[in-house]
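Student: These are the residues of each chain, in order.
Protein chains: 4
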Amino acid sequence: MVTLEQLCQRAREIAALANWPEHTVEQRTLYLVAEVGELAEAILHLVRQRQTGQEHTAALEAVGMEMHDVLWNICELANALNIDLDEAVEKKREMILRKVTKEH
Amino acid sequence: MVTLEQLCQRAREIAALANWPEHTVEQRTLYLVAEVGELAEAILHLVRQRQTGQEHTAALEAVGMEMHDVLWNICELANALNIDLDEAVEKKREMILRKVTKEH
Amino acid sequence: MVTLEQLCQRAREIAALANWPEHTVEQRTLYLVAEVGELAEAILHLVRQRQTGQEHTAALEAVGMEMHDVLWNICELANALNIDLDEAVEKKREMILRKVTKEH
Amino acid sequence: MVTLEQLCQRAREIAALANWPEHTVEQRTLYLVAEVGELAEAILHLVRQRQTGQEHTAALEAVGMEMHDVLWNICELANALNIDLDEAVEKKREMILRKVTKEH
Chain E
769 MVTLEQLCQR
779 AREIAALANW
789 PEHTVEQRTL
799 YLVAEVGELA
809 EAILHLVRQR
819 QTGQEHTAAL
829 EAVGMEMHDV
839 LWNICELANA
849 LNIDLDEAVE
859 KKREMILRKV
869 TKEH
Chain H
769 MVTLEQLCQR
779 AREIAALANW
789 PEHTVEQRTL
799 YLVAEVGELA
809 EAILHLVRQR
819 QTGQEHTAAL
829 EAVGMEMHDV
839 LWNICELANA
849 LNIDLDEAVE
859 KKREMILRKV
869 TKEH
Chain V
769 MVTLEQLCQR
779 AREIAALANW
789 PEHTVEQRTL
799 YLVAEVGELA
809 EAILHLVRQR
819 QTGQEHTAAL
829 EAVGMEMHDV
839 LWNICELANA
849 LNIDLDEAVE
859 KKREMILRKV
869 TKEH
Chain R
769 MVTLEQLCQR
779 AREIAALANW
789 PEHTVEQRTL
799 YLVAEVGELA
809 EAILHLVRQR
819 QTGQEHTAAL
829 EAVGMEMHDV
839 LWNICELANA
849 LNIDLDEAVE
859 KKREMILRKV
869 TKEH
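As they're listed, the protein sequences go chains E, H, V and R.
Numbering-wise (this note's numbering), the first sequence opens with residue 769 and increments by one.
Numbering-wise (this note's numbering), the second sequence opens with residue 769 and increments by one.
Numbering-wise (this note's numbering), the third sequence opens with residue 769 and increments by one.
Numbering-wise (this note's numbering), the fourth sequence opens with residue 769 and increments by one.
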């Protein structure tokens, strides 16, 4: 079971290992956008395979790989901004729970 | 420490509690895109606050909240497609590690 | 009939009139991303109105307004980079025409 | 000087010529998202070339090609929804002008 913190820690380790160049916060966000574009394309491919009744195991796996890349870029951005994703996720969850409970 | 699986499980529970309407895979991807747009806006606001030397605790927190929403939408999409995010993340991590180790 | 050049010229004029702060190329691209997110949301709203058989003139008009904002941000980015959109559009059109003609 | 209407008319002609499969409105929006991701990547490449003092004529041209693809997808989406882009652009322009004039 991967935790968000592990994912972000790994992003730090691999960035150090790979010796990637430094990026500004805006540049990191644009990398995220590029990955979201690739996820959109993988989704379109998967949907097409399904609609035409073709085997789509590989297309589904490709979607999972793109999802990783989006998560990874969120971690890289959180690392760069010193945002504790665990904390942020708990806080927003409570806000949503309050809202949903109030409405229902 | 939130695991990816917990995050996706919570998304399932809240969706059931909130009784949200069903969405196609394409529609779920568009919700993700809308959240990425909001994250981009929160990042622009944060950068502006920093550049003009203004207090930016609230702007930073807002970025964290938008990050949650992106993660959440990835979970919703993974749930809808029966993608095991943990598995996908491990698989892609190994691919990246092989690539990075080979290059360095 | 608005030409691309007029659209980009207007973007320049209004930017001067509004006295908006300067932005880097990355920041301008993030504004574009924010607008694409709003367009995605407007599309989701329109589709929902249509599916539930509700009147959707306002929802359709809102989509048009968001399309304007995307075009506008493309112009702002082209202006900042001194890209002649007319020229770019003609060039890419020829590439597509060659490709499509070859395939069919 | 290309007008928005010509751009959208050409999109219709090439779509007919290429005999592309039909797409839903959501799918067309996802194609737009994929192109915005490619534009983000082209921008990141251009910025990197500039920062490292490398020749960037090709990188700048690649950005123009991606801008075309975004415009094209906006046209395809407008065509599918019977949105008159010229009309939408004029309407939003007036709204912006009123707002900017009021503020200044």
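Hints are computed from structural coordinates only; laboratory data are not their basis.
You may find that some hints are simply not true.
Just so you know, same-sequence chains aren't split out, so a pair can sit in one copy or run between any two.
Said to hold, decoys possible - In silico EDC-like pairs for lysine to aspartate or glutamate, Cα to Cα no more than 20 Å straight-line:
no.	residue 1	residue 2
1	K859	E871
2	K860	E871
3	K867	E855
4	K870	D854
5	K867	D837
6	K867	D852
7	K860	E790
Student: Which numbered hints does this structure break?
Tutor: Hints 4, 6 and 7 not satisfied by this model.
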